[in-house]
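*Asks:* Letter by letter, the chains look like this.
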Amino acid sequence: MNTSNQSNPRTELIQKYLDQTISSDQLSEFQALLTSDATFRDQFFQFVQVDVAVEDMILFHNYMDQPNEPVEEGIPFAEGLIPEPPTALPSRFHLFVSRFLSLLGRPASSPVR
Amino acid sequence: MSTRIFFSLFIQNETDLRNYVQMIVRDWNATDEIVQETAAILWEKYADLADPAAFRKTLFQTAKFQILAWRRDRARDRLVLDEDAIAFLTDESIRRADETQQTKELIRSAMERLDETDRNLFARAYLTQTPIADQAKDLGLTPMTMYKRLQKIRNRLLGIIQELLNR
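Protein sequences appear in the order of chains A and B.
Using the working numbering, read the first sequence as starting at 1 and increasing by one per residue.
Using the working numbering, read the second sequence as starting at 114 and increasing by one per residue.
Please note that the accuracy of each hint is not assured.
Stated by the list, open to error - With a cut-off of at most 25 Å between alpha-carbon atoms, the simulated DMTMM-like pairs for lysine to aspartate or glutamate come out as follows: (1) 217/B - 42/A; (2) 170/B - 205/B; (3) 170/B - 19/A; (4) 170/B - 231/B; (5) 217/B - 127/B; (6) 16/A - 145/B; (7) 16/A - 228/B; (8) 250/B - 231/B; (9) 265/B - 212/B; (10) 170/B - 197/B; (11) 217/B - 186/B; (12) 16/A - 140/B; (13) 261/B - 231/B; (14) 16/A - 196/B; (15) 16/A - 205/B; (16) 16/A - 197/B; (17) 16/A - 229/B; (18) 16/A - 195/B; (19) 170/B - 42/A; (20) 261/B - 211/B; (21) 16/A - 231/B; (22) 217/B - 228/B.
Stated by the list, open to error - Now the stretches of chain A that chain B is said to cover, found in silico as 3 or more residues with beta-carbon under 8 Å: (23) 21–33; (24) 37–48.
By construction, these hints were calculated from the structure, which means they are not laboratory data.
The beta-carbon is built from N, C-alpha and C at its ideal position, and this holds for glycine as well.
The following block holds chain A by itself, in its conformation from the complex (with noise of 0.2 Å):
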């Protein structure tokens, strides 16, 4: 789970929401915020996630091993500048392409973590 950037009043907001410190007034405003404003939204999306780094590369050897099985697939990315999506796709969907876009970019010296 993401905890950088405390300072933060939004991310102070999520990270009490999850740690259940957050009060009742509080609540309200994250409930808020939830449902009308998209940029919140997607944050608090970040925190929850798992980390897709590590479990795409385990999905992908799954694919690599068996190919044929119906598992999911994914290839690990890393970190790196993201581009700004084409706006007729979902944001996600290329935040996703975009970083593994930004992998194929990396020196072969560089492999992912």
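Fit chain B to the given chain A structure using the hints.
*Replies:* Relative to chain A, chain B alone:
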């Protein structure tokens, strides 16, 4: 639907489902119970659902009712989201899970377009802890040749993905 297909679909969605439940209940034990109960109900009532999107939607909606039941029991002793917020998060989680599957499908398509040798080399280079120089030695290549081949594979994948995105 066969047990195999049911569990394949369930496993495909399990991580997203767990994230969804946990983001609302914020208790791993409760999350485990809700996910298990959801799987049992789905198997009992909707075992014929073979369409991946319909399966995902029903899975999350079933979990939502389990969460609401949990909420009724816990609302007295802890601050929990109201039902509207839970419904909103359910719809949002389904939408995001759909996108995740779409992305994985795209990456799988891209990987399948590589020839087997390149795919294996790529996987070995990025998924193992073995230094590139050692891998090159195992394959009878110089490290420089290995780096060049990996660069070529990355460029090929980059082109494939951009092509798929532009369709």
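*Asks:* Below or equal to 25 Å on CA atoms is what counts here, so check residue 217/B against residue 228/B.
*Replies:* 19 Å, holds
*Asks:* Is the hinted pair residue 250/B and residue 231/B satisfied, with a Cα-Cα distance of at most 25 Å?
*Replies:* 17 Å, holds
*Asks:* Starting from residue 16/A, check that the Cα of residue 197/B is at most 25 Å away, please.
*Replies:* Roughly 20 Å between the alpha carbons, so the hint for residue 16/A and residue 197/B holds.
*Asks:* Is the Cα-Cα distance between residue 265/B and residue 212/B 25 Å or less?
*Replies:* Violated - the C-alpha atoms of residue 212/B and residue 265/B are around 29 Å apart, more than 25 Å.
*Asks:* Tell me if the straight-line CA distance from residue 217/B to residue 186/B falls inside 25 Å.
*Replies:* Roughly 37 Å separates the two Cα atoms, so the pair is violated.
*Asks:* Assess, step by step, whether the Cα of residue 170/B is no farther than 25 Å from the Cα of residue 197/B, and give holds or violated.
*Replies:* At roughly 18 Å apart (the allowed maximum being 25 Å), residue 197/B and residue 170/B satisfy the hint.
*Asks:* Within a Cα-Cα threshold of 25 Å, do residue 16/A and residue 231/B meet the stated pairing?
*Replies:* 46 Å, violated
*Asks:* In terms of beta carbon proximity below 8 Å, does the region 37–48 of chain A have 3 or more residues touching chain B?
*Replies:* holds (count 4)
*Asks:* Taking 25 Å as the top limit, are the C-alpha atoms of residue 16/A and residue 196/B close enough?
*Replies:* 20 Å, holds
*Asks:* Given the proposed pairing of residue 16/A with residue 195/B, does the C-alpha separation stay at or below 25 Å?
*Replies:* 17 Å, holds
*Asks:* With a C-beta cutoff of 8 Å, work out whether three or more residues of the region 21–33 of chain A approach chain B closely enough for the coverage to hold.
*Replies:* n = 5 at 8 Å, threshold three: holds.
*Asks:* Take a quick look at whether residue 16/A and residue 140/B sit within 25 Å of each other, Cα to Cα.
*Replies:* The given pair, whose Cα atoms are some 14 Å apart, holds under the 25 Å limit.
Violated hints, in rising order: 3, 4, 7, 9, 11, 17, 20 and 21; the structure is consistent with all others.
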